[in-house]
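Here the protein sequences line up with chains A, B, C and D, keeping their order.
Throughout the first sequence, residue numbering follows this note's numbering, covering 1 to 279 in sequence.
Throughout the second sequence, residue numbering follows this note's numbering, covering 1001 to 1279 in sequence.
Throughout the third sequence, residue numbering follows this note's numbering, covering 2001 to 2279 in sequence.
Throughout the fourth sequence, residue numbering follows this note's numbering, covering 3001 to 3279 in sequence.
Be careful, since some hints might not be right.
What the hints assert, rightly or not - Footprint (simulated), chain A over chain D, 3 or more residues, beta carbon under 8 angstroms:
id, region
1, 3032 to 3038
2, 3053 to 3064
3, 3101 to 3112
4, 3206 to 3213
Stated by the list, open to error - Calculated cross-link-like contacts (lysine to any residue; reagent style SDA-like; alpha-carbon spacing at most 20 angstroms):
id, chain 1, residue 1, chain 2, residue 2
5, A, K214, D, Y3082
6, C, K2020, C, A2035
7, D, K3214, C, G2188
8, C, K2020, C, A2032
9, A, K20, A, Y82
10, D, K3214, C, R2090
11, B, K1214, B, L1165
12, B, K1214, D, V3059
13, D, K3214, D, G3184
14, B, K1214, A, P185
15, D, K3214, C, G2184
16, D, K3214, B, V1056
17, B, K1020, B, G1033
18, C, K2214, B, G1033
19, C, K2214, B, P1185
20, A, K20, A, L86
21, D, K3214, C, S2191
22, A, K214, D, H3187
23, D, K3214, B, V1059
24, C, K2214, C, V2178
25, C, K2214, B, D1216
26, A, K20, D, P3185
27, B, K1214, A, S191
28, B, K1214, D, P3193
29, C, K2020, C, D2037
30, B, K1214, B, P1185
31, A, K214, D, S3191
32, A, K214, C, V2059
33, D, K3214, C, H2187
34, A, K214, D, V3059
35, C, K2020, C, R2090
36, D, K3020, D, V3059
37, D, K3214, C, A2186
38, D, K3214, D, S3191
39, B, K1214, B, H1187
Simulated from the structure, these hints should not be mistaken for lab results.
Ideal placement from N, C-alpha and C gives every residue a C-beta, glycine not left out.
Protein chains: 4
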Amino acid sequence: MKTYDPHQRFGRPEGGWREKLYAIIFESDTPAGMAFDLALIGAILLSVTTVVLASVAEVARDYGDWLFAAEWFFTVLFTIEYASRLLCVRHPLRYARSFFGMIDLLAVLPSYMALFVPGAHVLLNVRILRLLRMFRILKLTLYIEEYGMLGRALLASRRKILIFLSVVFMVVFLLGTVMYVVEGPAHGFTSIPTAVYWAISAVTTVGFGDLVPKTDLGRAIASIMMLLGWGILAVPTGIISAEISQQRRSHRTCAACLAGDHEQSARFCKSCGTRLPGT
Amino acid sequence: MKTYDPHQRFGRPEGGWREKLYAIIFESDTPAGMAFDLALIGAILLSVTTVVLASVAEVARDYGDWLFAAEWFFTVLFTIEYASRLLCVRHPLRYARSFFGMIDLLAVLPSYMALFVPGAHVLLNVRILRLLRMFRILKLTLYIEEYGMLGRALLASRRKILIFLSVVFMVVFLLGTVMYVVEGPAHGFTSIPTAVYWAISAVTTVGFGDLVPKTDLGRAIASIMMLLGWGILAVPTGIISAEISQQRRSHRTCAACLAGDHEQSARFCKSCGTRLPGT
Amino acid sequence: MKTYDPHQRFGRPEGGWREKLYAIIFESDTPAGMAFDLALIGAILLSVTTVVLASVAEVARDYGDWLFAAEWFFTVLFTIEYASRLLCVRHPLRYARSFFGMIDLLAVLPSYMALFVPGAHVLLNVRILRLLRMFRILKLTLYIEEYGMLGRALLASRRKILIFLSVVFMVVFLLGTVMYVVEGPAHGFTSIPTAVYWAISAVTTVGFGDLVPKTDLGRAIASIMMLLGWGILAVPTGIISAEISQQRRSHRTCAACLAGDHEQSARFCKSCGTRLPGT
Amino acid sequence: MKTYDPHQRFGRPEGGWREKLYAIIFESDTPAGMAFDLALIGAILLSVTTVVLASVAEVARDYGDWLFAAEWFFTVLFTIEYASRLLCVRHPLRYARSFFGMIDLLAVLPSYMALFVPGAHVLLNVRILRLLRMFRILKLTLYIEEYGMLGRALLASRRKILIFLSVVFMVVFLLGTVMYVVEGPAHGFTSIPTAVYWAISAVTTVGFGDLVPKTDLGRAIASIMMLLGWGILAVPTGIISAEISQQRRSHRTCAACLAGDHEQSARFCKSCGTRLPGT
Chain A
1 MKTYDPHQRF GRPEGGWREK LYAIIFESDT PAGMAFDLAL IGAILLSVTT
51 VVLASVAEVA RDYGDWLFAA EWFFTVLFTI EYASRLLCVR HPLRYARSFF
101 GMIDLLAVLP SYMALFVPGA HVLLNVRILR LLRMFRILKL TLYIEEYGML
151 GRALLASRRK ILIFLSVVFM VVFLLGTVMY VVEGPAHGFT SIPTAVYWAI
201 SAVTTVGFGD LVPKTDLGRA IASIMMLLGW GILAVPTGII SAEISQQRRS
251 HRTCAACLAG DHEQSARFCK SCGTRLPGT
Chain B
1001 MKTYDPHQRF GRPEGGWREK LYAIIFESDT PAGMAFDLAL IGAILLSVTT
1051 VVLASVAEVA RDYGDWLFAA EWFFTVLFTI EYASRLLCVR HPLRYARSFF
1101 GMIDLLAVLP SYMALFVPGA HVLLNVRILR LLRMFRILKL TLYIEEYGML
1151 GRALLASRRK ILIFLSVVFM VVFLLGTVMY VVEGPAHGFT SIPTAVYWAI
1201 SAVTTVGFGD LVPKTDLGRA IASIMMLLGW GILAVPTGII SAEISQQRRS
1251 HRTCAACLAG DHEQSARFCK SCGTRLPGT
Chain C
2001 MKTYDPHQRF GRPEGGWREK LYAIIFESDT PAGMAFDLAL IGAILLSVTT
2051 VVLASVAEVA RDYGDWLFAA EWFFTVLFTI EYASRLLCVR HPLRYARSFF
2101 GMIDLLAVLP SYMALFVPGA HVLLNVRILR LLRMFRILKL TLYIEEYGML
2151 GRALLASRRK ILIFLSVVFM VVFLLGTVMY VVEGPAHGFT SIPTAVYWAI
2201 SAVTTVGFGD LVPKTDLGRA IASIMMLLGW GILAVPTGII SAEISQQRRS
2251 HRTCAACLAG DHEQSARFCK SCGTRLPGT
Chain D
3001 MKTYDPHQRF GRPEGGWREK LYAIIFESDT PAGMAFDLAL IGAILLSVTT
3051 VVLASVAEVA RDYGDWLFAA EWFFTVLFTI EYASRLLCVR HPLRYARSFF
3101 GMIDLLAVLP SYMALFVPGA HVLLNVRILR LLRMFRILKL TLYIEEYGML
3151 GRALLASRRK ILIFLSVVFM VVFLLGTVMY VVEGPAHGFT SIPTAVYWAI
3201 SAVTTVGFGD LVPKTDLGRA IASIMMLLGW GILAVPTGII SAEISQQRRS
3251 HRTCAACLAG DHEQSARFCK SCGTRLPGT
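Start from the sequences and build out the full structure, keeping to the hints where you can.
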């Protein structure tokens, strides 16, 4: 089975124990590589659970020692993994400076810093970034096709979505300022940024309710904003729906005229009538 | 009329009163079977209403005796029904261990337990599971085609939806942790799980408002999260829209070239021009 | 211009002033009929505005006399209109018992009742039903085609939507009961109906925030419900999107083989290849 | 490169420094014109940031002098720009009375008025309208195609969306009045407009929570409204999805038979088989 290897640019060593280690850590088409990936997913999830539990005051008080031990166990584990990654690639610096290389470092650094630097405990929450490491493994799973399709659909719509978001942003900004003038600091709209925050919560239909219009005019404007936001939600949905429908069409290319975009079930090229390859 | 019988694996008895009982209880293509289904729907809805009313303090105080009587009436009724089901199938154990067999038992058990075990009153709410019994009957109605189509559309999209949910979950987790650091326990974000609960309420545009960001940075992050959640709602909608559009195409297959995916109204194969079967 | 006349069954009188009156009141293809419709829309909107203003305490105090005068002006106007409608149709009783006949009566009755029956003032709000009279006129406008298309799309999807709503209702009921057990009356979930009300506000992403889970388990369940509701919103959207796309296809029928459902741009029948009529 | 010029009607001067100025200010197909546009975007965003910051009490107190200086810098800058625009077009009055001409004036006027008219400080917030000037430049960017497509899709659906909004408005009005009667001023529903404001917040799934039903009947009605609003959100989404899918088809017309609506990738007319122009 040939799988996608996003780490090719780090350089696959040729022969020796380094190639074997590389195959286990960076690839997933051997039983050992697959097992490593599964173990890594487990370790990531468990270590993240540790971070989460440590933030709950009661748990931290009662099971503090266990959490501390688990934390160090995972820190050492990820340190060994990080070192192994550095060891087995041909260009360690290129790996260390890559996005996932940084994440791998950030996954262990805070624990060491909290040890040596007083007051660095707040940095411990950075360890939640370990979750991002899941993305590396997700790329290598059976789900890669769906993942790619959603990504392509979003990529193909990025300009329409940008246009949409910029218009929404302007509307929200203008209406937020209007509400700042109408309601004023007396009703909690203390500044334009605060009013824009409220306008976003109204247009996106979130409606926290910490700020609410209290004047009749303010309520009328709020009503229009809510209807507006509720209605224009249809626009991004329509954009992405149309894009995904498009993506469903196959990517086969006619051998005779190079036309693409044929329906999944088509057997003949719709441009020149030649039989399509693989039918 | 041939209807779908999800209970076939329990074994249809051959001849005698047991077959007649089976036809009434498990099938719905005879007048008696249809009447039984309707009566059962009525009994389920009434008994669930009893459970709901018993939870309202004023009603429980004023009409407690009536509710108690009604409750026992339905308990005895469902007990008789459960016994009949056990009696008339060829493999009673297989039925008892099936999903609906368990639900049928759970529908009557709490009432008996509340009688014998002191303090088991809280279990009475388990009786609300009787509602699930509706699903058994829903399967047998005229709506089976639509039910199946929606189910197939969701099933066909399950991998895309899983990818989507896992990405959403990671985003919510990371941003929840960020808010925990930014706002902190002083503003109600007492732990990471609490912050994640808040992040979910923001991204899904629910916005209860029991927790709200109070710092400027927190409000800025919240604004981005609201826009994000509002915008990416378009993704699952697009996935399912495309899938349902696809499901609308008929599943007929051309007898000559085995091509499928023809439009509902097509009479000739779009691949080879042969007349489609059944037109 | 031939317009749709939903009142045909009331009987169009033949000749005389009654036919002329009928043409003005019930039809809209003459200048007089068109003017009558526009005047009626204006009168309805103004009279509804009167009702709305009368509900605002400050306005009622300061302009009570003006509102009272306006109210009686519209009441007399609508009474004359109602009498004219009764007069000019051939089957007055059939009209009086029709849906719009009832609405027309309810539009004037409360004002007279408030005059004679003491304490009937609360009934005055029934006059807001005058708004429903707008629907009669909407039916006769240029928008009839879009109105019909949306209606057909909703009608064609009604079974899928019913399935969807019944599943949503069951989920909401079961999860509401779970929350009633988990949170209990101490946290505001005083009865199952209250808990179901909360569950609906969570699943539909409304989130008023008057009731909120306070236990960790309750928050976890709430998180799942919010994600669930946010995600399954995609289902009705997908149903209706697919239906509207379908409705966009033309309703032309092939003269040779009677096949329908051709694309808007098609010039030849896709079933038999005969040229389509009107191309 | 030929770009769209929305200002053509102001008259392009022929020759001289005025034509050169016109090319820089109103067009963007020369390097100087492009640079001017980018500088203008920067100036607009910075000046809007100034307005926003001035509304935050702490910032206004600590950096008031800087903000005042920046404000006058931008006011003078935009004044020069406005004068240049007036100077270089052939019909200055036509420009001054156009939409963007008014916005350009409103972008500088409040600063001067605040100087001469005491108490005109509240007008300073009008300067936020400078944001609208972004739209002029957006029109001239690479995004013009997507912008046009979204606009066409919304325009083509405007009648369906109007029908939809008018029905939603009536439903919201009727149910708001019902809630006013059911809940009454005692529970915060002090008038019909207030109740309609609440109804809109419920139907659009915003749910601020400043007003909530407190009676059982009110909660039941609210539940129905939430489900209704959540479900019918599917309607505008379906309308726009179908429209965008339609817009994706190319607008090329067959030279032989004048048939349109061909797929983007089609090379031969689907009606008569003639090769399409431009392929």
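Hint-by-hint comparison with the structure:
Requiring three or more residues with a Cβ within less than 8 angstroms of a Cβ of chain A, the coverage given for the region 3032 to 3038 of chain D is violated, as only 0 such residues are present. Only when three residues or more bring their CB closer than 8 angstroms to a CB of chain A does the claim for the region 3053 to 3064 of chain D stand; here the count is 3, and the claim holds. As drawn, the region 3101 to 3112 of chain D meets chain A at 0 residues by the rule of a beta-carbon pair under 8 angstroms; below three, the given contact is violated. Counting residues of the region 3206 to 3213 of chain D whose beta carbon lies closer than 8 angstroms to any beta carbon of chain A gives 5, which meets the minimum of three for the stated coverage.
Distance check on the hinted pair: A/K214 and D/Y3082 sit about 39 angstroms apart at the alpha-carbon level, beyond 20 angstroms; violated. Under the criterion of a C-alpha separation no larger than 20 angstroms, the hint pairing C/K2020 with C/A2035 is consistent with the structure, at around 14 angstroms. At roughly 12 angstroms between alpha-carbon atoms, D/K3214 and C/G2188 fall within 20 angstroms of each other, so this suggested pair holds. A threshold of 20 angstroms between alpha carbons decides the hint, and for C/K2020 with C/A2032 the separation of about 10 angstroms falls inside it, so the pair holds.
Restraint check: the Cα-Cα separation between A/K20 and A/Y82 comes to about 16 angstroms, which is no more than 20 angstroms; the hinted pair holds. Proposed proximity of D/K3214 and C/R2090 is contradicted: the alpha carbons are some 49 angstroms apart, above 20 angstroms. Proposed proximity of B/K1214 and B/L1165 is contradicted: the alpha carbons are some 28 angstroms apart, above 20 angstroms. Taken as a hint, the B/K1214 and D/V3059 pair is honoured in the structure, with Cα atoms around 18 angstroms apart against an allowance of 20 angstroms.
As the CA atoms of D/K3214 and D/G3184 are separated by approximately 10 angstroms, the hinted pair is consistent with the 20 angstroms bound. Proposed proximity of B/K1214 and A/P185 is supported: the alpha carbons are some 15 angstroms apart, at most 20 angstroms. Restraint check for D/K3214 and C/G2184: the C-alpha separation of about 18 angstroms stays at or below 20 angstroms, so the hint holds. Proposed proximity of D/K3214 and B/V1056 is supported: the alpha carbons are some 15 angstroms apart, at most 20 angstroms.
Proposed proximity of B/K1020 and B/G1033 is supported: the alpha carbons are some 10 angstroms apart, at most 20 angstroms. For the given pair, C/K2214 sits about 47 angstroms from B/G1033 by alpha-carbon distance, which is inconsistent with the 20 angstroms threshold. Note on C/K2214 and B/P1185: the hinted pairing holds, with a Cα-Cα distance of about 15 angstroms set against a maximum of 20 angstroms. Of the supplied pair hints, the one linking A/K20 and A/L86 holds, its CA atoms being roughly 14 angstroms apart against a limit of 20 angstroms.
About 13 angstroms separates the Cα atoms of D/K3214 and C/S2191, which keeps this hinted pair within 20 angstroms; it holds. Among the hinted pairs, A/K214 with D/H3187 is consistent with the structure: their alpha-carbon atoms are about 16 angstroms apart, no more than 20 angstroms. About 18 angstroms separates the Cα atoms of D/K3214 and B/V1059, which keeps this hinted pair within 20 angstroms; it holds. About 14 angstroms separates the Cα atoms of C/K2214 and C/V2178, which keeps this hinted pair within 20 angstroms; it holds.
Between C/K2214 and B/D1216 the alpha-carbon distance is near 26 angstroms, which puts this suggested pair outside the 20 angstroms criterion. Annotation: proposed proximity of A/K20 to D/P3185 is violated, straight-line Cα distance about 76 angstroms (limit 20 angstroms). The straight-line distance between the Cα atoms of B/K1214 and A/S191 is roughly 13 angstroms, inside the 20 angstroms bound, and the hint therefore holds. Under the criterion of a C-alpha separation no larger than 20 angstroms, the hint pairing B/K1214 with D/P3193 is inconsistent with the structure, at around 30 angstroms.
For the suggested pair C/K2020 and C/D2037, the alpha carbons sit about 15 angstroms apart, so the restraint of at most 20 angstroms is met. Pair hint B/K1214 plus B/P1185 holds up; C-alpha atoms about 12 angstroms apart against a cutoff of 20 angstroms. Restraint check: the Cα-Cα separation between A/K214 and D/S3191 comes to about 13 angstroms, which is no more than 20 angstroms; the hinted pair holds. A threshold of 20 angstroms between alpha carbons decides the hint, and for A/K214 with C/V2059 the separation of about 18 angstroms falls inside it, so the pair holds.
The suggested pairing of D/K3214 with C/H2187 holds, with an alpha-carbon distance near 16 angstroms, which does not exceed 20 angstroms. Among the hinted pairs, A/K214 with D/V3059 is inconsistent with the structure: their alpha-carbon atoms are about 26 angstroms apart, more than 20 angstroms. Straight-line distance between C-alpha atoms of C/K2020 and C/R2090 comes to about 13 angstroms, which keeps the hinted pair within the 20 angstroms bound. A C-alpha spacing of about 42 angstroms is found between D/K3020 and D/V3059, which places the hinted pair above 20 angstroms, so the restraint is violated.
Among the hinted pairs, D/K3214 with C/A2186 is consistent with the structure: their alpha-carbon atoms are about 17 angstroms apart, no more than 20 angstroms. Restraint check: the Cα-Cα separation between D/K3214 and D/S3191 comes to about 16 angstroms, which is no more than 20 angstroms; the hinted pair holds. In summary, the hint linking B/K1214 to B/H1187 is supported, as the alpha carbons are separated by about 7 angstroms, within the 20 angstroms threshold.
Hints 1, 3, 5, 10, 11, 18, 25, 26, 28, 34, 36 from the earlier list are contradicted by this structure; the remaining hints agree with it.
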